[in-house]
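S.K.: Take a look at the letters that make up each chain.
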Amino acid sequence: MSTHTEAAVHEHGATIPTFAKVWVTLLVLTGAEVLLAYEQVPTLIMLTILIGLSVIKAALIVAYFMHLKFERLSLFLTLFPMLIFCILLMLIFLGDAMRLPGMRPGA
Amino acid sequence: MSSQVSAVASTSHWEGGRSPYATNSKKFGMWLFIISDSLTFSAMLFVYTYCRVATPNWPTPFHFSPSIIFSSIMTFCLLTSSLTMVMAVHAMNQGNRKAAAGWILGTMAAGAAFVVLHLNEWMNLINNEHITAFGNEFGVPLFGGTFFALTGLHMTHVAIGLIYLGIVGQAVVRGKFKAEDVEVAGLYWHFVDLVWMFIFPLVYLMSAKI
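So the sequence lines, in the order shown, correspond to chains A and B. FYI, the numbering for the first sequence is 2 to 108, going by my numbering. FYI, the numbering for the second sequence is 2 to 211, going by my numbering.
Extracted from the complex, chain B is given alone in its bound form (with noise of 0.2 angstroms):
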């Protein structure tokens, strides 16, 4: 009877010893980090939405060239980005990290054409278009101040990206991270990228100049 009991407890959920998930917490931490990450830009992606809504003299200051054309290669640098980014999960997984960290290599360097891509963007519309944080030509001061906000924050996630990027691939050329470590630093990488799948919709296409 006794050794019944215990072996039921030594399986239980409750006494230790088994991962609900499967995962390790490195992993699981991260996943918690981007649902509450998720959540932010999930507000201010729907105070823009809301804003562009409610006013119907919404600007729609992109014009196909440059803000469009811009924006769609700066798609084109982030999509890349993961895939470049699984790869070097991938080639971690099969133990080859002088792949893996060129790889990641390849992943920050598609990340910083983003970013210089991104302030080129922001200088044309300074410069060109007039429209700063606090307000614009077309007397909806809201726009520039969401605008500046959401893709400021997004902007910083990238550069915080390449930052964790280059620690965690310089420390595979010195063999002392592990493929796990890789691939959360790959789960950021990714959520980065998802974050922009929705912004340049909602953001650029949905104020484009037509």
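Isolated chain A, as found in the complex (with noise of 0.2 angstroms):
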């Protein structure tokens, strides 16, 4: 029965069209990307674009062609909360990089 339902689950997920369209904008977010590139825009919120750009083509490939959208909840609940915290712990020193052209001798 369970054998069944993971059946099931896995080809509810697993659906060609669907693949094909996160391929898709995934290869559109790329080339808004490239664009992006070229605009004049200041470091910081360049870098904030292109991140969150990436976080949401992360997230397509995760959620769907690691096909984590459709295992069951707990698993995401142990794998990711802990690696984001990480992360943003690591975000932390970021000040120190933006503080320190100020800091140099002659700035």
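Take every hint as true, because none was put in to throw you off.
Per label pair, the in silico range of CB-to-CB distance:
#: 1; chain 1: A; residue 1: G53; chain 2: B; residue 2: S26; range: 33 to 41 angstroms
#: 2; chain 1: A; residue 1: A64; chain 2: B; residue 2: K27; range: 15 to 23 angstroms
#: 3; chain 1: A; residue 1: V42; chain 2: B; residue 2: T41; range: 26 to 34 angstroms
#: 4; chain 1: B; residue 1: A100; chain 2: A; residue 2: V42; range: 39 to 47 angstroms
It is worth saying that the hints were derived from the structure and are not from the lab. Cβ coordinates follow ideal geometry from the N, Cα and C atoms, glycine included.
Mind docking these for me? Both chains are given alone in their own frames, and the hints should help you get the complex.
M.R.: Next comes the structure, spelled out in structure tokens:
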């Protein structure tokens, strides 16, 4: 019974048109990133937008290609909150990077 | 009373016989590896970004042609290889081993194209822009150090993925591996693709020569 249910769930998430749509969306977002790189935007704003687009792309890959959307919620809750927490902890130091140029002698 | 207790015990998560994640151990093991490897790449990407923001005269050696064009094609190769990998898993779930082997071969071809283009891009930087891992004409040696470490580690992952897929592909042809084994290999390959989704904008596009 459970095998049958799991197969049905897998089949539900494994439709080829869905994969194709995700692939096209990823290509479009990549194209948008390349176009953005040639706009005269301040570094930090550019960095924020590019990271935002990358997170959307990563979420699409994890959810559909890596099938996490169709896995049990407990798997997501076990794996991802601590990963996101650790990455956010790293970002604490980014403030130093912004202050450093102004602290150089003669700046 | 005792039958009630035994009924409760048999359904307890701590008594075994139940899978809290409804997944097999190979897949769960690969997920754990992916999370730990994500932290490695996150730290390296953070170091690159830190240096980029903290250095006002950070080099921008990536000309539209060939660097940005090449890296965009490399992104296309990896995204397409993810699609073919998904198709391989789908074919295995349908029990079609021949189609699965074909899709895996397609994935390997796209991955190999990525490596060739990436090596070409490296050679362009080394020979034409005179950037190495230890120094460059811009006077910011951290650029080469962080760039080659990050992209080199990623390329190593792609190369290992090609070997992994080769082993899985030939086992599929010989009727040895099951669908879940192909799915686990697919998880690794998608992760390699996922990491590039951050390297491409943060490394190449943030240092594009405008």
